[in-house]
Amino acid sequence: MFRARSSFEPEFVPMSDLSRILLQGAMPLTAFVLGASLQVKADAEIRFNRDIRSILSNKCYTCHGPDKNSREGDLRLDVESLAKADRGGYFVIDSVHPAKSELLARITTEDEDDVMPPHGEGKALTSQEVALLTKWVESGAEWEGHWAYLPPVKAPVPEVENPDWRRNAVDRFIGARLESEGLQPSDPADRRTLIRRIFLDLTGLPPSADDVARFENDRDRFAFDHVVDRLLASPHFGERMAVNWLDLVRYADTVGYHGDQDYSVWPYRDYVIQAFNQNLSFDQFTREQLAGDLLQGANRDQKVASGYNRLHMITAEGGAQDKEYLAKYAADRVRTTSSVWLGSTMGCAECHDHKFDPFTTKDFYSFAAFFSDLKERGFYGGNRWEPQIPLPTETQETRMEALTRQVASLEASLTTSTELLVNGQFDWEAQLRAAEENGELLWEPIRPLGLQSTEGASLRVLADRSVLVTGANPEKDTYYVKLAPEREQVTGIRLEALTHPSLDKESLSRGGGNFVLTDFKVDRLDSNGEVTDTVTIASAKADFSQGGFGVSKAIDGNKSSGWAVDGSKKIADRRAVFTFGSPLDLAEGETIRVTLAHQSDHKRHNLGRFRLSVISIEKPGIEETGVPSDIYRAVLKSFEERSEKEQTRLTSFFRGQTPLLDDTRVQLASTKASRDRLKKEIPTMLVSQSVKPRQMRVLPRGNWLDESGDVVAASFPGFLASKAEKELSRLDLADWMVSASNPLTARTFVNRLWKQFYGTGLSKVLDDVGSQGEWPTHPELLDWLAVEFMESGWDVKHLVKTLVTSQTYRQSSVASDYLKEKDPFNRLYARQTAFRLDAEVVRDVALSVSELRVDQLGGPSVKPYQPAGYYAQLNFPTRTYQADKGASQYRRGVYTHWQRTFLHPSMKAFDAPSREECTAERSRSNTPLQSLALLNDPSYVEAARVFAERIMSCDGEAIGAQVRWAFTEAVCRKPSTREVKILTELYQESAERFADDKEAAEALLGVGGAPASGDCEPAELAAWTMVSRAILNLHELITRY
Amino acid sequence: MNPLDILAMRQNRRSFLSRSTVGLGSLALASVLKPWQSQGANLAASTQWPGAIQAIPQLQKAKRVIYLCMAGGPSHLETLDYKPKLAEMDGKPMPESFTEGQPIAQLQGQKLKCLGPQHEFQTFGQSGQQIANVFPKIGEISDEICIVRSFHTEQINHDPAHTFLNTGTSISGRPSMGSWLWYGLGSESENLPGFVVLTSLGKGGQGQPISSRQWHSGFLPSNFQGVQFHASGDPVHYVKRPPGVSQNDQRRLVNAVNALNRELDSVVDDSEISTRITQNEMAFRMQTSVPELMDVRNEPQHILDLYGTEGGDGSFASNCLLARRLAERGSRFIHLYHRSWDHHGNIKNNMRTSAKEVDQASAALITDLKQRGMLDDTLVIWGGEFGRTPMAQGSGRDHHIRGFSLWMAGGGIKGGTSYGETDDLGYKAVVDPFHVHDLHATMLHLFGVNHKELTYRFQGRDFRLTDVHGNVVKRILA
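Protein chains in written order, with my numbering: chain A, 1 to 1041; chain F, 10001 to 10478.
Isolated chain F, as found in the complex:
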């Protein structure tokens, strides 16, 4: 093949994936963008969306992400970042040198006083990681995790902060990281979406809303949208047959529809039709694969005990178990939100409540993945959209973005380590600051993808998850 041909193909390839999907764009897109496997073994593999970019095999450590988002913004000062100096300063005015000219949320215009850590910290594991004692189970897996204590972000209110964490910008309409990964690398799942979202509501703090924007594919083709699975009602919208319609009835119906579609195709020869037929089949299969996924009755009791759930109740623990099942079935990005961490008041008790809701199951997920040999290629991330102020807001803490913590495990992350530091009062990331863009860059790196190369042209510009920023932080890699 001569270079000109390749060039032409390359230009056309761009056209496939551009949003204008009529004409050949439509034909090609239809044939290419099959997020899920089509029917029959002979069609398998060849019709599945292969991804827009090839991961570099020797660099690829992670095959999937499970993101445990602690929505509401957990305080780093009562979870992962121990600050004895702050304890000494308890009740004293916060030095202005820290706060002057910095953004602030609900404490606007108020006197700023330090609030010492409300929970004791303890040293865990051989690595000696310091973790608050309300997280004893996470403590037990401390040798598996890397704690980042210098995370920072740019948005101080919940809604835009989630958007920023998911898409790298606070402007709506950009793809979330799950969509980027699905688009970039495809999915290994044959019967389930490549990007799945599960939410749970806790009892700590206010249940902050979470917008479906957080799992939107933005300007990427909407095939790459995250699909929310629900604990009650239909697990996926409209996956349940209408009342009175049996599996056989539905089969008969889908057969008839597809036969009629094929009749039409024989006249108009429109490849959208064959895609439609495939999607109808996929939809039909989802009507069993999704309930099968959600049904945990076959899980042995010791596994249920490990997570601390009987399943099916929409709790965080139940969702962690489902996350593992999704990971086994090949979903690329599994995003859990636990809405429990907006501790403006009484952080002492609220933290205890929220910690109890997630501690056991978070640790169980790591343990379970490990015992199945899946931790090595599953990247688990635990953290919120921002942290909380070292300053008191009554008995609680306000939103805070200049320095906070998260932990990661598996998927090529070096366990039993920590990275970065905040200042003495836990206000600002001062050693090895780790920006949201760095998280994205590092995450993509773990998938063997250069974050500068995973791009998509929209409004005349090649967009990236990391915008024009982002550094891969190699020191936390195994």
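Isolated chain A, as found in the complex:
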């Protein structure tokens, strides 16, 4: 009855190619067929959610789905009532006379104009799909709501015949399905495999030889349960569980965009580890992250947790517009939060209504509005990531309080009036007025903090704050002058070229009296003295310039042209003013660096004496007043004319610079410096702070420049919750996420956890449980677990224990040929699944086997060895990676410094994600880059050498015994005779070779900073190192079976 259509062929892959791939798959063809039809075979009855929804979603919803803007023919097939509506004499789906359904006519017609989906658009239906649709319509077109959007209910736990398959509900659901499919479960894994599996799954660490032996000999019925309890109580449990969560929330140590600078959010990572370790209930975990700052009397941990909202990538790229980036951040939060908790792809609704699920664009922006109260910026100029909170230790807190008190008392003495000060101010004001009357206009000369000549000339500061150049007199020279103007704003810099008796002709330089200033540049430095920005110079003017050497040539970027003043003939002080493009706001600790370059062809035309002054008024002239304009205006007024504010400001300005208070100021400065040093030692955390919400609009097609969209308030997705009566906050969002009426959160979490212990989710697509996701293989089990999770009070450890103590979990992962053929994807769980370890765990295993691992819970991220020059593409600032020394070098992978744009190459090779976006599932690749990392990364070479030392210090004298010990220690099982032979030969051949070449042995043993024990003979140790390297490279070592 069905036409043979070209669409039977794979869409993009011609047959020849496809068969090639299949044949390479080394799987019998029948396996695929059975694998795919398993679900249909289970019962012959058609079920909407399992069989029909995905067809409609895939093939029809693009034009007949939720998105009103792309809807054709005013037909929706995603809503039952509309799909079955009377369309004026006919029905698309006719429940009364199924055969009359227009749908059937359209999907089977040969008429090119009528056929659905239309030829050339979208994807054609396969004959299988046509058959399924037909059968469904003919049997009454029974509709079901999408499974994931209906509240989960606990179905009765099924009975199973197999008495071994009744440990808990997991077994009963899995077992019942196996029995109905006629499949036998696999034997339990042997104890060594099982204990290694549970250790790796729950702690990310391999068991020690002791652990293995103890478990092997423990005949208690509940031996395994006891191991599970012990591991759940281990602090390593949190470290293991954190890895997946950190992927989801895209936690990293750097900001991600452009310069990818460091920021401090590692306390959040530690919060996550602690939360899992303390078994914080998942609902509370949710509240604290989304809205910890809004909780009544929020404690420190809860504020740290609220950093969740700040973990997205942020930018400090010059020229970035606030509004554009605020829109990017808002969208990122919706994508991530909807994925983390709801397993939904709300991100698809940013530009248009979702094509497959009932999320509207309005839902997207209303969801974003939950976060509109966050205090944030779009563009983080000056690399100031805010708001942050300090997280001091108790000692730090006490010291900080003392220093703060001292600062306050010194500051008080600066503001306390004394007769001396009152008189001093009176005189100062009079001076200023006199200066004004005389037309003498003052800049504030700044005493340089640091001076440098690139060519080694001596730069010395004179009493008048000018700088005199003596000593070496190079042909060309560049001076760097570091200034710390004590004012909030600088609008320009004045350069005075000053005469001095020591200079040629008592003029301006030691190169005949004239100078050529080829470049004048101002950089902004952070408190570490790193350049963060170059200040734009908008204009330059001078009181005198020689013909062809105008002062603008000092800022034209041309390294040979410059400003000169005919100093060999005309002997006089000269002044030039460089005005900034926009006022420079200096934060505490920031300084500026002025570059004075003399790189012209005129020899020794270098400034001989100069002085730099700053000013804070707009458009400063060469001769303008040196005090801020408000001070200037206030001074000119009589005491009576001044407002109280003006008087206060005047007094504080005076006290800030009068020599009368010099001593106090020096003391204050040093106390403040101590305080600042301490402040830097105190960890900080970027957190959520609530302010007045920004207005949120729907951005048409996601365009941030378009302000025509509706203003929206925070609200839950319309189809999942009824409209709220009140204004909603982030806390309401958190409460809703974990409310009984939310069908998605528990299922999403449970499904991901299942994957962690069984290899694949019960619904395979971990980041989409919507229409395009997968109908779960065991929907009743998924729902049972979700309800159990909620009923237990969102008890994570309880859930984990339920999953790992089942008999299903304990099976062997070795598949019989029969099972491989029957259930190639292991979707029915008649066996366990073997998979490669996560990147962090690959590292942890090597560190554990060598016993190099340093266990310290939490703390700032650490830096393992990394190839030199890996950060060469970074800038603002440029960076050189410094690997940690000592204990920090041997910390677990979860603590590795996470540089978003350049993740550590070994971690990246093993599929650790960059964490720029929410990642629900890591790729599990198998590449030569992994082999190269295991072979040659110094971390693994060093671990091998240290493991070799352990081998040599073990009791066995015979080589075979040592090999056996090493293998068992690392792999947790005894080696076969063949295996021993292979490693023994490797040892013997290597030992011979290194005995002939001691230098090579020493070179190999020199890798890594861990001290050598010194007792071992180098050639032997090198040979054992080769054996250890082989062991650390084994597929088995990086696989969990």
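Derived by calculation from the structure, the hints in this document are not laboratory data.
Cβ coordinates follow ideal geometry from the N, Cα and C atoms, glycine included.
Hints are supplied without guarantee of correctness; some may be wrong.
[Stated by the list, open to error] Derived CB-CB ranges, DEER-like: (1) 10433(F) / 139(A): 21 to 27 Å; (2) 468(A) / 10125(F): 55 to 61 Å; (3) 10092(F) / 649(A): 40 to 46 Å; (4) 10133(F) / 528(A): 21 to 27 Å; (5) 10133(F) / 707(A): 41 to 47 Å; (6) 119(A) / 10305(F): 37 to 43 Å; (7) 10133(F) / 588(A): 46 to 52 Å; (8) 10302(F) / 601(A): 50 to 56 Å; (9) 10475(F) / 381(A): 42 to 48 Å; (10) 10056(F) / 727(A): 54 to 60 Å; (11) 10092(F) / 538(A): 17 to 23 Å; (12) 10305(F) / 468(A): 48 to 54 Å; (13) 10433(F) / 74(A): 31 to 37 Å.
[Stated by the list, open to error] A partial selection of chain A residues facing chain F, derived with a Cβ cut-off under 7 Å: (14) 145; (15) 988; (16) 989.
Go by the hints and put chain F onto chain A.
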């Protein structure tokens, strides 16, 4: 075979390539996804990743891409787009009709004034293409290249603009075009990655950072990630043996590891293991093939002179030479970044500096490919992530996205032509606008691939390099 079987296979094929790679997914993926040739001639060809899609042979012109990315955003007004009217307007206010409501970067809130072209243009070749005179060597190959003067993009800051140019979206986590091509068509290289990245740092402007996101495989299997080759240190991370370990030592070690892996395989029968063995062999071979690639001592002097490099110094010229060597060895996508083009200030001199750094080698690459008969099937693209404003930023220009230029050559592109125009002041692409999505669509077309058909399902959606956009621009095709 009956249609149902084919259907089942098709569904399974999708499962192979989905990100969930356990169970059979893992087995199949492991066996299929071997980006590089395995050991031994008898296994050759059959184990190499054949690509997810078959190119249409009669449409396929290009077999590989060499993308010369001028990172930082070169000004079109001093390179490929001559605007006499802008010269007349030099120093005068930029008419608001051009700029109102348009995105702008560092010139936010400032008075906008025109800046005339800072370099003269010259007519080159029989085709009479107009190119700035700071590019005399590119001028000499002007009959080989197609200049697009109506390119436009959507992101105005460096980082997202690169992401957009590479992946078709500014959202992180999507595959870059090199990964798409490798995934889609496989690679012809037996011992080297199918997607290779080389970077160089110039002296013009600020050295803008480049993220490794730009060559990431995003949601595609990570096998398809671009691999960065370095001029100094190990050319590929960890490709060098540890000190004291000879080639023989390493051979002995890899043999032992693989023998042990085979022992395990005989017990657990896990096809991941045979993949691991193959990858170990590949890794071992890379320890010679990569240094061999990087070592240009065997190149004749006239070739080194042509590019203007002695090689090995990490310069753009050296990288161009390596690009040709990679192309010869079958890499599918070779991406060069030259970080030198962010000319916010003093564009006159900076442009001269940056042009000098790339002019000779860019032209040499075309000449060299041509003389080897490889230009016909090698698509070369030259251009930045955006252009620069006709408005002055002091003595320089700011970022600009509404219209700028690039050139392409070889691989089925019609040489000696130009396509599209900006308005009189070089602000907006007004004739035949050529969007980033169009570039991607056209590029895939040159490979015989319909850009709408190269898809990958992620988060329930079939993603494309061109998202839901992109038109093949046939007028620039040979």
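The hints, checked one at a time:
| no. | hint | verdict |
| --- | --- | --- |
| 1 | 10433(F) / 139(A): 21 to 27 Å | violated, 53 Å |
| 2 | 468(A) / 10125(F): 55 to 61 Å | holds, 60 Å |
| 3 | 10092(F) / 649(A): 40 to 46 Å | holds, 43 Å |
| 4 | 10133(F) / 528(A): 21 to 27 Å | violated, 44 Å |
| 5 | 10133(F) / 707(A): 41 to 47 Å | holds, 45 Å |
| 6 | 119(A) / 10305(F): 37 to 43 Å | violated, 57 Å |
| 7 | 10133(F) / 588(A): 46 to 52 Å | holds, 50 Å |
| 8 | 10302(F) / 601(A): 50 to 56 Å | violated, 36 Å |
| 9 | 10475(F) / 381(A): 42 to 48 Å | holds, 44 Å |
| 10 | 10056(F) / 727(A): 54 to 60 Å | holds, 57 Å |
| 11 | 10092(F) / 538(A): 17 to 23 Å | holds, 19 Å |
| 12 | 10305(F) / 468(A): 48 to 54 Å | holds, 52 Å |
| 13 | 10433(F) / 74(A): 31 to 37 Å | holds, 34 Å |
| 14 | 145 | violated, 18 Å |
| 15 | 988 | violated, 11 Å |
| 16 | 989 | holds, 6 Å |
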